[in-house]
Structures are given as structure tokens and as C-alpha cells.
Amino acid sequence: MPFYEAVWENGEKSVMEAADDAEALEGVMAHHQRAVDGERGGPAGNPANRIKKVLKYKEHPANFGEEGTLSKDEVRELLKDFGDVVNVDQLVATLRDATSSVDHSAGPHDSMYKMPADGELELKV
Amino acid sequence: MATIAFQRLSQLVTDYVMGASGTITPPSSWTCALSTTVVGSGANMARGSVWSATVSGSNVNEIASTTAAGYARQTIAKTINQAGIDWGTSTFDSTFSTGGQSTTADQVTFGAFTGSGPSPNGANSWAITDGSTLNAGQLYFAADTAATRTFASGDTELVTATIKAG
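Protein chains in written order, with the working numbering: chain A, 9 to 133; chain B, 32 to 197.
Keep in mind that a hint or two might mislead.
Unchecked claim - If you want a taste of the chain A side facing chain B, the calculated C-beta under 7 Å gives, among others:
(1) ASN18
(2) VAL23
(3) GLU25
(4) ALA30
(5) ALA43
(6) GLY46
(7) PRO51
(8) GLY53
(9) ASN54
(10) PRO55
(11) ALA70
(12) ASN71
(13) THR77
(14) HIS112
(15) HIS117
What the hints assert, rightly or not - Straight-line Cα separation of at most 30 Å, DSBU-like style, residue types lysine-lysine; simulated pairs:
(16) LYS122/A - LYS88/A
(17) LYS109/B - LYS61/A
(18) LYS109/B - LYS64/A
As the list claims (entries may be wrong) - On the chain B side, residues computed to face chain A include the following (Cβ under 7 Å):
(19) SER72
(20) ALA74
(21) ASN75
(22) ALA103
(23) GLN113
(24) ALA114
(25) THR129
(26) GLY130
(27) ASP137
(28) GLY142
(29) PHE144
(30) SER163
(31) SER184
(32) GLY185
Bear in mind the hints are in silico, worked out from the structure with no lab data behind them.
The beta carbon of each residue, even a glycine, is placed where N, CA and C say it ideally should be.
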């Protein structure tokens, strides 16, 4: 089943698995309407948020880099930022971050993931 | 509210931190999951619990394994205070018996849920785990939710995970 990344107006993001676009939109828009109506967002009483965008993926975007592997060329590229003497712990941290699925340069209304989205749902808000 | 640290978390200290193991290693990213299983005090989850769709013994059962209806695991990056959802700056509690270093992750959001809600429904705990496949991966630590959360269309659930290493 496809996965969807809901990017909320307040900058929060959540990944959803739904059968299809219509189902994902149904849930997202039901939550959005609660924000418009001033209703609570969930059983814990959290406030509801308005939706900003919904991105679509063929698989969970957290799967990016899950194998924890890099090609030699990718490793060589990362080594270019190091001098002639390499701190091993810093090297390990750099290599590890390269396989992280999270994009730390993402803005509040951007996807939080490195995996490119396969599309974006049209919202009627 | 009960909490539990699973075997894998302890093993990361003994094998990875102390012994630089190349096989017992942290995942490339953490994920947060919701479970129908109560942490309890030994009659439910245990330190050696594993994820399973089978409701038996100390198995930890994830919600939505039959019908997702908007559920998916949420990522917490393996970084500190970067943009995106990751861990905060850790703080130190010097109390002799209960102290330690603790860190709190940025809040993650589950949902919005859809249709008639996920099946199984009724989250009683959240767990820090790895991977995106339901009822799979390693378990690291878990805590009970304040009450059973039964989700319906449009619901979201917020979780803020804190870990204290004492």
C-alpha cells in the first residue's frame, strides 16, 4: 500500500499508510476540518492542525538508507571534507549520517525525508 | 505510568559502547510505534519481549497490523538538535539512586487515521524501535500511554519519548 507524508501547517509531519489517495485524503481532511471547527485532534485531546500538503511514496520514506550501506564513490565523496588526518569518531558519525533517512536541511513545510516523493495530493482547503 | 528498557538497549551498552561490536549496532534511524500491549510490571511486556502479531506471553503487538487506516511508524533521527525530528540536548540528574543522563525526542505525530480506524485498535503504549515494517525490528524501550487510545477517522496522536540512562 502507498505511504503518505502529511505536512501540517504548524510544521509537524506524520507518515500514514493508506489503501489509496482517497482514503489518505479522507483522514487528513477530517482532521483539517477539526482545526477549522476548533475541535480536538485526537483521543488525548491534542489540538487539531490544518494540513499544508500531502506527499505520496511507494514505500515508507524511512526505508531510505535502511541497509546502512554506501557505495565506495559515496564514501570517497564524503572523505573529501576531511583533511589528511581523520578523526575516526567524526568519520563514523559522517558516514552514519549519510545513511539517515532524515533531511536536516528541510524547512517547516518541506518533507522531513531524503527519499524523493512520488507525487503530491491535491488538497481542497 | 510503567516503562521498560528492552534487552537490545542494554546490549548496545555492553556490546557496542563497551566492546565496539560490529554486529550489535544502533539502527540507521529510530522509529516510534504504537502497541496494544500494556507495559505492565512483568505480566505483560518483559525485558526480552519481541514484536509479534501473535497475542501471547510477553509479545508486543503493534496496532494496525491487519488494517493500517492511516497508521505508520514515525521516524526519530539519530542526531541531536538538528532540524527535523531528533533528540534534544541531554541533561544530567546527579541523584545518587535514581539519577542519570536523559534526553527527550521531538514530538512525533501519528495519523491522521482513516475510515473505521486501524485494526487492531486501542494503543496502550508506545515503543522506540527500528524499521518501518509492523511487528518487526528490535525493541529498545517503551512506556504506557496515559489511557487506551482508540482511533477514529481524523484522529492524530502525539508522542514525546524520553530516555534516562542511569
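How the hints compare with the structure:
1. For ASN18/A, the interface hint is violated, the least distance from its beta-carbon to any beta-carbon of chain B being 10 Å, above 7 Å.
2. Look at VAL23/A: its Cβ gets to within about 4 Å of chain B, closer than 7 Å, so that hint holds up.
3. Evaluation of the GLU25/A hint against chain B yields a held restraint, the C-beta minimum of about 4 Å falling below 7 Å.
4. With a least beta-carbon distance of about 9 Å to chain B, the hint placing ALA30/A at the interface is violated under the 7 Å criterion.
5. Taking 7 Å as the C-beta contact cut-off toward chain B, the hint placing ALA43/A at the interface is violated, the least distance being around 10 Å.
6. With its C-beta approaching chain B no nearer than about 14 Å, GLY46/A sits outside the 7 Å limit, and its interface hint is violated.
7. The interface hint given for PRO51/A is met, as the beta carbon of that residue sits about 5 Å from the closest beta carbon of chain B, less than 7 Å.
8. The closest approach between the C-beta of GLY53/A and any C-beta of chain B is roughly 10 Å, which is over the 7 Å cut-off, so the hint fails.
9. The beta carbon of ASN54/A comes within 5 Å of a beta carbon in chain B, closer than 7 Å, and the hint placing it at the interface holds.
10. Hint on PRO55/A is violated. Least Cβ distance to chain B is approximately 9 Å, over the 7 Å limit.
11. Evaluation of the ALA70/A hint against chain B yields a held restraint, the C-beta minimum of about 5 Å falling below 7 Å.
12. Using the Cβ-Cβ criterion of 7 Å, the hint placing ASN71/A at the interface with chain B is satisfied: the shortest such distance is roughly 6 Å.
13. The criterion of a C-beta within 7 Å of any C-beta in chain B is not met by THR77/A, whose closest approach is roughly 10 Å, and the hint is violated.
14. Hint on HIS112/A holds. Least Cβ distance to chain B is approximately 4 Å, under the 7 Å limit.
15. A distance limit of 7 Å between C-beta atoms decides the matter here; for HIS117/A the minimum to chain B is near 12 Å, and the interface restraint is violated.
16. Taking the CA atoms of LYS122/A and LYS88/A, the gap is near 21 Å; set against the 30 Å cutoff, the hint holds.
17. Restraint check: the Cα-Cα separation between LYS109/B and LYS61/A comes to about 25 Å, which is no more than 30 Å; the hinted pair holds.
18. For the hint linking LYS109/B to LYS64/A, the alpha-carbon distance of about 24 Å falls within 30 Å, and the restraint holds.
19. Hint on SER72/B is violated. Least Cβ distance to chain A is approximately 23 Å, over the 7 Å limit.
20. Checking ALA74/B against chain A: minimum C-beta separation of about 25 Å lies over 7 Å; hint violated.
21. Nearest Cβ of chain A to the Cβ of ASN75/B: about 21 Å, over the 7 Å cut. The hint is violated.
22. Among the interface hints, the one on ALA103/B holds; its C-beta lies about 4 Å from the nearest C-beta in chain A, closer than the 7 Å criterion.
23. The closest approach between the C-beta of GLN113/B and any C-beta of chain A is roughly 4 Å, which is under the 7 Å cut-off, so the hint is satisfied.
24. With a cut of 7 Å, the hint placing ALA114/B at the interface with chain A holds, because the nearest CB-to-CB distance is about 5 Å.
25. Evaluation of the THR129/B hint against chain A yields a violated restraint, the C-beta minimum of about 27 Å exceeding 7 Å.
26. Nearest Cβ of chain A to the Cβ of GLY130/B: about 26 Å, over the 7 Å cut. The hint is violated.
27. Proximity of ASP137/B to chain A is violated relative to the hint, the smallest CB-CB distance being about 9 Å (cut-off 7 Å).
28. Interface hint at GLY142/B: satisfied, since its Cβ lies 6 Å from the closest Cβ of chain A, which is below the 7 Å cut-off.
29. Residue-level restraint check for PHE144/B holds (minimum Cβ-Cβ distance to chain A is 6 Å; threshold 7 Å).
30. With its C-beta approaching chain A no nearer than about 4 Å, SER163/B sits inside the 7 Å limit, and its interface hint holds.
31. About 5 Å separates the beta-carbon of SER184/B from the nearest beta-carbon of chain A, less than 7 Å, and the hint is met.
32. Annotation: interface hint on GLY185/B holds; nearest CB of chain A at approximately 3 Å, less than 7 Å.
In summary, the numbered hints that this structure violates are 1, 4, 5, 6, 8, 10, 13, 15, 19, 20, 21, 25, 26, 27.
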